[in-house]
Amino acid sequence: MIEMFRLSVIQRAFIAILIAGAFLPLAGSISLLSGMSFLAAGFAHIAFAGVALGYLFRFDPLIGALTITVVSAYSLWYLSEKRGGKYEQTLSILFSFFMALAILFFGLTRTYTSDAMSYLFGSPLMANVVDVTLLVVAFLLYILFVIYYQRELFQIVFSTELSLASGIDVSRFRLLFFIFTALAVVLSMKSVGALVVYGLMVIPPALSQRISKHFNQMVFISVIFGIMSSFLGYILSLAIDVPVGAAVVVIATIFYLLSFIFKK
Amino acid sequence: MPEIVFHKVTIGYPYYVVTEDLTFTVDKDDFLIVFGPNGAGKTTLAKTLLGILKPIKGDTYIFGCPVSGVCPHKKMIGYVPQVYNLDKDFPATLYDVVISGCYPLLKPLQKVPQLFKEQAVENLRTVGLIDFKDRPFAQLSGGQQKRGLIARALMGPPKALLLDEPTSGVDMVSEMQVNEVIVKAHRIFQIPVILITHDVNPYLDVATKFILMGYGKYFFGSFEEVMRPEVLSEVYQTKVDVINEKGSRFINVRDFHHDRNV
Numbered sequence: 001m002i003e004m005f006r007l008s009v010i011q012r013a014f015i016a017i018l019i020a021g022a023f024l025p026l027a028g029s030i031s032l033l034s035g036m037s038f039l040a041a042g043f044a045h046i047a048f049a050g051v052a053l054g055y056l057f058r059f060d061p062l063i064g065a066l067t068i069t070v071v072s073a074y075s076l077w078y079l080s081e082k083r084g085g086k087y088e089q090t091l092s093i094l095f096s097f098f099m100a101l102a103i104l105f106f107g108l109t110r111t112y113t114s115d116a117m118s119y120l121f122g123s124p125l126m127a128n129v130v131d132v133t134l135l136v137v138a139f140l141l142y143i144l145f146v147i148y149y150q151r152e153l154f155q156i157v158f159s160t161e162l163s164l165a166s167g168i169d170v171s172r173f174r175l176l177f178f179i180f181t182a183l184a185v186v187l188s189m190k191s192v193g194a195l196v197v198y199g200l201m202v203i204p205p206a207l208s209q210r211i212s213k214h215f216n217q218m219v220f221i222s223v224i225f226g227i228m229s230s231f232l233g234y235i236l237s238l239a240i241d242v243p244v245g246a247a248v249v250v251i252a253t254i255f256y257l258l259s260f261i262f263k264k
Numbered sequence: 001m002p003e004i005v006f007h008k009v010t011i012g013y014p015y016y017v018v019t020e021d022l023t024f025t026v027d028k029d030d031f032l033i034v035f036g037p038n039g040a041g042k043t044t045l046a047k048t049l050l051g052i053l054k055p056i057k058g059d060t061y062i063f064g065c066p067v068s069g070v071c072p073h074k075k076m077i078g079y080v081p082q083v084y085n086l087d088k089d090f091p092a093t094l095y096d097v098v099i100s101g102c103y104p105l106l107k108p109l110q111k112v113p114q115l116f117k118e119q120a121v122e123n124l125r126t127v128g129l130i131d132f133k134d135r136p137f138a139q140l141s142g143g144q145q146k147r148g149l150i151a152r153a154l155m156g157p158p159k160a161l162l163l164d165e166p167t168s169g170v171d172m173v174s175e176m177q178v179n180e181v182i183v184k185a186h187r188i189f190q191i192p193v194i195l196i197t198h199d200v201n202p203y204l205d206v207a208t209k210f211i212l213m214g215y216g217k218y219f220f221g222s223f224e225e226v227m228r229p230e231v232l233s234e235v236y237q238t239k240v241d242v243i244n245e246k247g248s249r250f251i252n253v254r255d256f257h258h259d260r261n262v
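In order, the protein sequences belong to chains A and B. The first sequence: position 149 = 149 (the numbering used here), numbered continuously. The second sequence: position 73 = 73 (the numbering used here), numbered continuously.
Chain A extracted, bound-state conformation (with noise of 0.2 Å):
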């Protein structure tokens, strides 16, 4: 195994997924406390959609998949924020949108290649150099959006109605978490696959937030469990040839049943 990591292309697919592994407990941290954690399934399958789109016009399908989830996400905060909705509706009306969108076009494209597969189950090893490059530089952006704005968020998480009264913009912020993770979710789809996104966004912030007794130290020890899933999940999908995306969520989910174990 070790004679492996000597490929570059086994190299950038560890780099993908260690970064989607603390990238999306990152996000999910936020999400999870915010009562939002339906969030990072909903933007996966509004993303297929893009990918279906672009397989349908022959374009790159992460192009189409950014498009369309962050004018989703944009979108989505219009329509709660702005004009009244509600906001598990409103994402519940764009999730089964471009979910039937993506089953029209690859129903007109008449194929499903193994690199749509891809998309869907993960497949760290197809991620190029952009994909890979992409990914590190929105998650960079995102930590220095959390550690710098780290007290707003936590006022915000907290009680929105406080931060109002402190004078915190709670809709800007809302706008800026809803943007950062349909990035967070399409970047990593390559990697870990939409079906799976979902899961490392919600399991290790689950399980952090079991065992963490202040705001920095569960998103702090959720990243940690992300990356720690996302590390030994690919160890074990190169050793037993399986799917690299369920094999993070099967090591994050027993890290999540022994959290248990301790307490706060």
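Do not rely on the hints blindly, as some may be mistaken.
[What the hints assert, rightly or not] In silico DSS-like cross-links for lysine-lysine, where the CA-CA straight-line distance does not exceed 25 Å: (1) B:K217 / A:K213; (2) B:K107 / B:K75; (3) A:K82 / B:K57; (4) B:K184 / B:K117; (5) B:K8 / B:K57; (6) A:K213 / B:K57; (7) A:K86 / B:K47; (8) B:K107 / B:K117; (9) B:K217 / B:K8; (10) A:K213 / B:K88; (11) B:K47 / A:K82; (12) B:K159 / B:K8; (13) B:K111 / A:K82; (14) B:K159 / B:K28; (15) B:K111 / B:K159; (16) B:K117 / B:K159; (17) A:K213 / B:K111; (18) B:K133 / B:K88; (19) B:K111 / B:K133; (20) B:K75 / B:K111; (21) B:K54 / A:K86; (22) B:K28 / B:K184; (23) B:K159 / B:K107; (24) B:K57 / B:K75; (25) B:K47 / B:K28; (26) B:K117 / B:K75; (27) B:K184 / B:K133.
The set of hints was computed from the structure by calculation and includes no laboratory data.
Knowing the structure of chain A, use the given hints to seat chain B on it.
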């Protein structure tokens, strides 16, 4: 100039006016009680005071600064919200919540000054929760959480304290403790208190001004000016007695259908 001035202010939402021509002042030593039936606009008034809602028209000055202008007054009013539902696993201790009251006063990435750390501990002593400092906030009782939020609101310290129904949903003993903490904070910090409540009786001895809000109407003034049976009965649409016995004053609502006290 009074700390808070509302002059012919209309409050409400873009498509819905709640109360028109609201005029009142709050001085440094005032303890103002805002009360009235559900849906009368008490929380709308609180949101306007906090700058969350803009006044539809009229002149509003908070600490001498017009509310519509660029004004840091939002950071000067300590606020305790009405409803509070928190996940029982929310990752924050009572101290984390109290110290967060100084966050609006800090620059991004600025280390929390020692002064604020000491203030947070002192505020926890003031509200009687110093022994609960490191407990998870979400696992405290409703009354303890409310007292914790008062300790948070007193960080700075603020130039005024605004509380929106701080005793709603807490038991009788906790209600008494919360009431004591509010009166104590008013005395120690010497800041005006604006208290929105349904239960005015515990505060009748300390309150200096009252605003009674009732579906588009309002009454502002001293106890004698506002707490009149005919005014209260008109707003609440039921018989309300104002009882003054042996130096104690309290308001009693009567259920006229059964002609008995409730």
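| message | Holds or violated: B:K47 and B:K28, Cα atoms, limit 25 Å. | response | Status holds; Cα separation ~20 Å.
| Under the criterion that the straight-line Cα-Cα distance not exceed 25 Å, is the pair B:K28, B:K184 satisfied? | holds (15 Å)
| said: Check whether the Cα positions of B:K159 and B:K8 lie no farther apart than 25 Å. | reply: Holds, at roughly 23 Å.
| message | B:K159 and B:K28 were given as a pair; does the straight-line alpha-carbon distance stay at or below 25 Å? | response | holds (9 Å)
| query | Between B:K217 and B:K8, is the straight-line Cα distance small enough, at 25 Å or below? | reply | Roughly 13 Å between the alpha carbons, so the hint for B:K217 and B:K8 holds.
| field | 25 Å Cα cutoff - pair B:K75, B:K111 | value | Holds - the C-alpha atoms of B:K111 and B:K75 are around 18 Å apart, at most 25 Å.
| Given hint B:K133 paired with B:K184 - CA-CA distance at most 25 Å | With a Cα-Cα distance of about 20 Å, the restraint between B:K184 and B:K133 holds, given a limit of 25 Å.
| task | Assess, step by step, whether the Cα of B:K57 is no farther than 25 Å from the Cα of B:K75, and give holds or violated. | result | Cα-Cα ~23 Å, so holds.
| 25 Å Cα cutoff - pair A:K86, B:K47 | holds (22 Å)
| query | Between B:K133 and B:K88, does the CA-CA distance stay at or below 25 Å? | reply | holds (17 Å)
| Under the criterion that the straight-line Cα-Cα distance not exceed 25 Å, is the pair A:K213, B:K88 satisfied? | Since the Cα atoms of A:K213 and B:K88 sit roughly 12 Å apart, the hinted pair holds (cutoff 25 Å).
| Regarding the pair B:K111 and A:K82, is the alpha-carbon distance no greater than 25 Å? | Status violated; Cα separation ~35 Å.
Violated hints, listed in ascending order, are 1, 6 and 13; each of the other numbered hints is respected by the structure.
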